[in-house]
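Protein chains in written order, with the working numbering: chain B, 1 to 351; chain V, 1 to 607; chain F, 1 to 338.
It cannot be assumed that every hint is accurate.
Claimed, not checked - Straight-line distance between alpha carbons at most 27 Å, and here's what the computed DSSO-like set of lysine-lysine pairs gives:
id: 1; chain 1: V; residue 1: Lys596; chain 2: B; residue 2: Lys188
id: 2; chain 1: V; residue 1: Lys552; chain 2: V; residue 2: Lys340
id: 3; chain 1: V; residue 1: Lys358; chain 2: B; residue 2: Lys39
id: 4; chain 1: B; residue 1: Lys39; chain 2: V; residue 2: Lys584
id: 5; chain 1: B; residue 1: Lys39; chain 2: V; residue 2: Lys333
id: 6; chain 1: F; residue 1: Lys226; chain 2: V; residue 2: Lys333
id: 7; chain 1: V; residue 1: Lys601; chain 2: B; residue 2: Lys188
id: 8; chain 1: V; residue 1: Lys471; chain 2: F; residue 2: Lys59
id: 9; chain 1: V; residue 1: Lys333; chain 2: V; residue 2: Lys584
Said to hold, decoys possible - FRET-style restraints, in silico, Cβ to Cβ:
id: 10; chain 1: F; residue 1: Asp25; chain 2: B; residue 2: Met1; range: 39 to 47 Å
id: 11; chain 1: V; residue 1: Cys147; chain 2: B; residue 2: Gly95; range: 42 to 50 Å
id: 12; chain 1: V; residue 1: Asp297; chain 2: B; residue 2: Pro200; range: 37 to 45 Å
id: 13; chain 1: B; residue 1: Phe13; chain 2: V; residue 2: Tyr591; range: 52 to 60 Å
id: 14; chain 1: B; residue 1: Pro199; chain 2: V; residue 2: Ala551; range: 53 to 61 Å
id: 15; chain 1: V; residue 1: Lys471; chain 2: B; residue 2: Leu92; range: 58 to 66 Å
id: 16; chain 1: V; residue 1: Asp79; chain 2: B; residue 2: Ile94; range: 57 to 65 Å
id: 17; chain 1: F; residue 1: Phe128; chain 2: B; residue 2: Ala163; range: 28 to 36 Å
id: 18; chain 1: V; residue 1: Val99; chain 2: B; residue 2: Glu43; range: 53 to 61 Å
id: 19; chain 1: B; residue 1: Arg251; chain 2: F; residue 2: Asp25; range: 20 to 28 Å
Don't read these hints as lab results, they were simulated from the structure. A virtual CB, placed ideally from N, CA and C, is assigned to each residue, including glycine.
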Amino acid sequence: MGRYIVRRLLYMFVVILVVSVITFLLMHAVPGGPFTQEKALPEETIRLLNERYHLDDPLYVQYLSYLYAVFIPHFTATPPSPSYQDDFMLNLKIGDLWIRWMNFGPSYGSRGRTVNDIFRDNLPISAQLGVMALLVALLIGMPLGIMAALKQNTFLDYLGMGAAIIGVSVPVIVLGPIMIWIFGIALKWLPPTGWDAKPPFFLGFLPTKLGWEFVQHALMPSVALGLGSSAVIARLTRAALLQTIREDYIRTARSKGLHERTIITRHALKNSLIPVVTVLGPLFAALVTGTFVTELIFGIPGMGKYFVTSITNRDYPVIMGTILLYAVFLVLANLIVDILYAYLDPRIRYD
Amino acid sequence: MHKNFQALSLLVMLSLILAACAPATAPAANAPAATEPSVPEATQPLAATEPSVPAGPKVLITNFLSGDVATLDPAVSQDVNSTQIAQEAFIGMTNLNEVTNLVEPGMATSWDVVNNDDGSQTITLHLRNDVPWVRWNGAEVETVKTCDGSAARIVNANDFAYGIYRNQLPANASPYAYLLGFVLKGASDFSTGKTDDFSTVGVKVIDDFTLEMTFIDQVAYNLEIAGLWVALAQPKWIIEGDCDGAVQARGERWIEPGFFQSYGPFTLKEWVHDDYISIVKNPFWPGTEEIPQPKLDEVVFHMLDEPAQLAEYEAGNADMVSSPPLSDLDRIKADPVLSKELSVSPQFCTYYYGFNTKAPVVNDVRVRRALSMAVDRQSLIDNVTKGGQEPAQWFARPGLAGSPTMADHPDLGIKYDPEAAKAELQSYLDEKGVTADSLDLSLMYNTSTGHQAIAEAIQQMWKDVLGVNVKLVNQEFRVYLDTVQSKNTPQIWRLGWCLDYPDANNFDRENNAVNGSQNPAENGEPYGGFNWKNEEYERLVLAAAKESDPAKRVELYAQAEEIAIVDDAIMIPLYWYTNLDLTKPYVVRTYSSDGKESFEKWDILPH
Amino acid sequence: MSVESKSIGAGGMPLTQKRVSLRQDALRRLIRNRAAVVGSSIIILLLLMAVFAPLIAVKPFDAQVLVDQNKVPEWLVSIFPTMRSYAKFSIEYPLGADYVGRDLFSRIVYGARVSLTVAFIGPLISLFIGVIYGSISGYFGGRVDDIMMRIVDILYAFPTLLFIILLMAFFRSTLSDIQPGTIEYAINQLDESVGGMFFIFIGIGLTAWQNMARLTRAQVLSAREKEFIEAAHTIGASNLRIMFRHILPNIAGPLIVAETLAIPGYIATEAFLSFIGLGVNPPTPSWGSMISDGSRAIRTYPNQAIFPALALAITMFAFNFLGDGLRDALDPRLRGTQ
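Looking at chain B on its own, in the form it has when it is part of the complex:
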């Protein structure tokens, strides 16, 4: 298992490297630069800006220095300074030596702000939203799926799956504003927009206070975001459970005269969880990175918008940062799922 994980992590590194090359070349191939704006800047200013961010270097030099800043650990005697050029994700002090790693560079759009700042301030909020949405998806999806499977081809089956599919069919773009309208403005039950957590975060990503207020703010966006995924979960649960309850060992359990309830909860459910677990990784990755629309509608200061706006603004370091983050996230999520999967299904052993 250990060797397997190490191999996967090494492999992740290769994926990241290839993705970084492709992204780098693509973003520089797209017309329109980061300093193009409606009120055109004088050529001299553009030249200075390019100089400032080293965009006047040959592309391969830019790429290699990016790799150097991000991937290669820096060993130095000078302590970190507040400069925007000197912002590393990891700063370790061993004796007099500083080990510093992962400088994703400055954001062109926000002077003095770095990609690491965005990761530190905005990513935790998207992660919180993603976790909440995943919870919503599981809390709605699994019971619906189980109900539908146990009552296959009955009215309850159709009702359950119908409800789940409605969830996936109504786009957040419509669902969000309607929810704000009903619960935020008409009934005034929930705050229409906003997120009740802000930096600094506990352990780097958790809200420092977690109470009713947090839930109040999180409720509408998590439901809007998670509802679509609940259909995926419901359908998977249903299919998996249907398959499991036809397996021999369930028949054996039945023939042993075990209570139907015991059979379902103790034997069938566990095994039908496996396919559900396999999608959790990609689903969570999609939820965290697919928050653009939800964040825009509910005014959540998360990371989701940077996946889109960095590209529309040609904010090169932010594009690189977000896409590499996405890649790492996806690969890691899949890895965790695979490990969990082995744990749930003793037949699977890696290596």
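Given chain B, work out where chains V and F should sit, using these hints.
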């Protein structure tokens, strides 16, 4: 079995379990509950005051558009949100009244203007000596002390000279360095790196409270530019470090809360990126006739998309929001409450369609004029843009210094005139022997619902009036901006222009003239944008800039506009912008025309 | 063996000797499955609507009547009473008019063309690339498989949005600098003729086929271990023949099911691209762009967002039902307990 369920729940609930163990109280530096009036009191045990009690702090909740404020560093600011904060946190040597757009005393109480024989102009500014630098220390606003801690640092002429220096420093690559570069002696050479000697720039500290500025030309807008955000005092000690290292050099990151220092009526309290900015009253601001001590204790700017802003406003969580979504205007105008809270005030921007005057078909002025006269601007405003905008007859909006007004020049420029439009086009068609529907015309705009609606409406008008089929092409924003300034500028394109300083020069010369923003040129020959050169126009806008008699300036600009809009018809001016605001009735306010509000003049009445 | 195959291809395949009867059996069960029947009927109706759009929608989808903008039929007020105070009424527009006075009903009817094209072209692209790629990978296994799957992994994390903007920028530039006869010109013409949907296909194609490739590979991996494939090998059948005659027909079921269930995702992708302004060219109507336009004023004119959303929901609903039904019918392991 149970173990396995735990494994699953571990994956999804890890954060919640951990969070439950988290400390329940927020760090001391965080905002008190007053910034979020929707918050129930019970969940905020630390809150000291209740927002609705009249004696409590007066907190105004308003909004910026979605997306983080680009910077709070005035030296490198360029967008309206950044300069809005700069407007409140720093005061220029001169001040532009946000309503009348006239120059009035700011940090300088008076100034002497001397016209030199070589055509340059020297302005000596006498500054106040009673304004200290302040910062928010997490609990209250305090003055910034000198190195020995004995006294407050007082804003002085060196701080202003340093502010101009930072704005012009090539390493900072400030987007608006060119504003001073145009007018301030030697600034352009310094900011483009031709010299690294700042003493060659026309800024001289005479004494602690006297600054002398030398301008290239004797033009009307020198004093306006001296008061802009590009020439504000800046705290050198926090940016470059001071007191033998006791004050750490923050570089460009001095603008974060806790480090940010300023001296205006408000100073920065909190900045939660992408979420909100709050500015708090500076009790050390002395208060002047023009810039009084604020009555508000705090102003909070949330960063929200327009529909979200409106939702917060209607839920009672915001006191003022701008630009409600267009389609909601019908409902707002019919609503007995909201309609009374809606205000329309002029905004100094012009929306226009430009022509590439060298592109096929539109290289004939008759076609351009016909297209321009065929647009029913009032119908466009009533049916599409809806914000009570004014139909534009020319480019430099009335209200700018030097601009003609509708009252004194009712017939200047171009108007909707379908018959004349048809006649112009017919004369072209007859000459070329072609039919209107065979003309190959395309209009390009950047992808956006608003621009699309306008383009679609105008496409229809052209079809109805002239019978031409204009093709609509859209491009993603940045690609588009590259295209409309390239050698391949499309036949017809859209753009808008907003003021930097309230003078017609900022419009007529800086956008349209050769080498202007939308008329890029190489060696004096335009190659893109309008792709247009008219010697008479160039002469007129230059003469108008240097003219000192306001009435003569208006006449010169009127002649220039007539050339650009009618004789050569290089653009179709469509409308002059308006600000649409929704303000709660208990807010006492002023209405700014340059997009930056002066909150020190606002108040919240007990309600 | 790597992990993906285990996660997806865990199940075995039906026995071959029953293939023909199995198909009949599947069809029989599909018809008996009410959800699938409802789903496919709706899809057929939608298809008819898209094909005969000019007959159903009396008004043209792109004619603007500015004075009629935002008009609504009177019956809407009974659903949204607040409209009474500000809405202008007109019986001419069965579902109302949009923000420049175009008939919403016509636009929804024509909009079906975009969504349905996406719903059918998306799977075609994804099946074509994914199945070929996945079967090669799975059939040959070993090093080939390893490399091919690693490429899929990389593409999985690939910045699709960036690529779409790049392509659009290249091809949707000014017409003046594109000469007839060049590839750019041809692609631009193609894009225009489909109302700007070409790049949506590219976007969907780029993202969709990887899942299909993984699934196909997993299915092929498990299928090629079966006795009947070994038998085919021993009688000297060629690789191609084994692939097309024996393996693919056997794994078609799960692939079709997965693809049907992926269709709502493609439709949603179109809507998202429209929302961020990279969708179809105006005035071509698409439900996605109508929803994103309408959603900004959902409190004032809810009809402008809700009706296209309803159309979208019904379509996605139908494909989901059909997919679920297909799965129940095609997967013998789920054969009814009743």
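Going down the list of hints, with the structure as the test:
Distance hint between Lys596(V) and Lys188(B) is unfulfilled; the C-alpha atoms sit about 32 Å from each other, more than 27 Å. Between the alpha carbons of Lys552(V) and Lys340(V) the distance comes to roughly 41 Å, so the proposed pair goes past 27 Å and is violated. Distance hint between Lys358(V) and Lys39(B) is fulfilled; the C-alpha atoms sit about 22 Å from each other, no more than 27 Å. At most 27 Å may separate the alpha-carbon atoms for a hinted pair to count; Lys39(B) and Lys584(V) exceed this at roughly 33 Å.
Taking the CA atoms of Lys39(B) and Lys333(V), the gap is about 33 Å. The hint is violated against a cut of 27 Å. A distance of roughly 72 Å separates the Cα atoms of Lys226(F) and Lys333(V); the hinted pair therefore is violated under the 27 Å criterion. Pair hint Lys601(V) plus Lys188(B) does not hold up; C-alpha atoms about 32 Å apart against a cutoff of 27 Å. Proximity of Lys471(V) to Lys59(F) is assessed by CA-CA distance (about 21 Å); at most 27 Å being required, the pair is judged to hold.
Taking the CA atoms of Lys333(V) and Lys584(V), the gap is about 15 Å. The hint holds against a cut of 27 Å. Between Asp25(F) and Met1(B), the C-beta spacing of about 43 Å keeps the proposed range 39 to 47 Å intact. Distance hint for Cys147(V) and Gly95(B): a CB-CB separation of about 33 Å, inconsistent with the stated range 42 to 50 Å. Restraint check, Asp297(V) to Pro200(B): a C-beta distance of roughly 25 Å breaks the suggested window 37 to 45 Å.
In this structure, Phe13(B) and Tyr591(V) meet the distance hint of 52 to 60 Å, their C-beta atoms being roughly 58 Å apart. Distance hint check for Pro199(B) and Ala551(V): the Cβ-Cβ separation is about 56 Å, which falls inside the suggested range of 53 to 61 Å. Remark: the range hint 58 to 66 Å for Lys471(V) to Leu92(B) is upheld by a beta-carbon distance near 60 Å. Taking 57 to 65 Å as the suggested C-beta distance range, the pair Asp79(V) and Ile94(B) does not conform, at roughly 43 Å.
The given range of 28 to 36 Å is respected by Phe128(F) and Ala163(B), whose C-beta atoms sit roughly 34 Å from each other. For Val99(V) paired with Glu43(B), a C-beta distance near 36 Å fails the hint of 53 to 61 Å. Between Arg251(B) and Asp25(F) the Cβ separation comes to about 22 Å, which falls inside the hinted range of 20 to 28 Å.
Hints 1, 2, 4, 5, 6, 7, 11, 12, 16 and 18, counting from the list given before, are not met by this structure.
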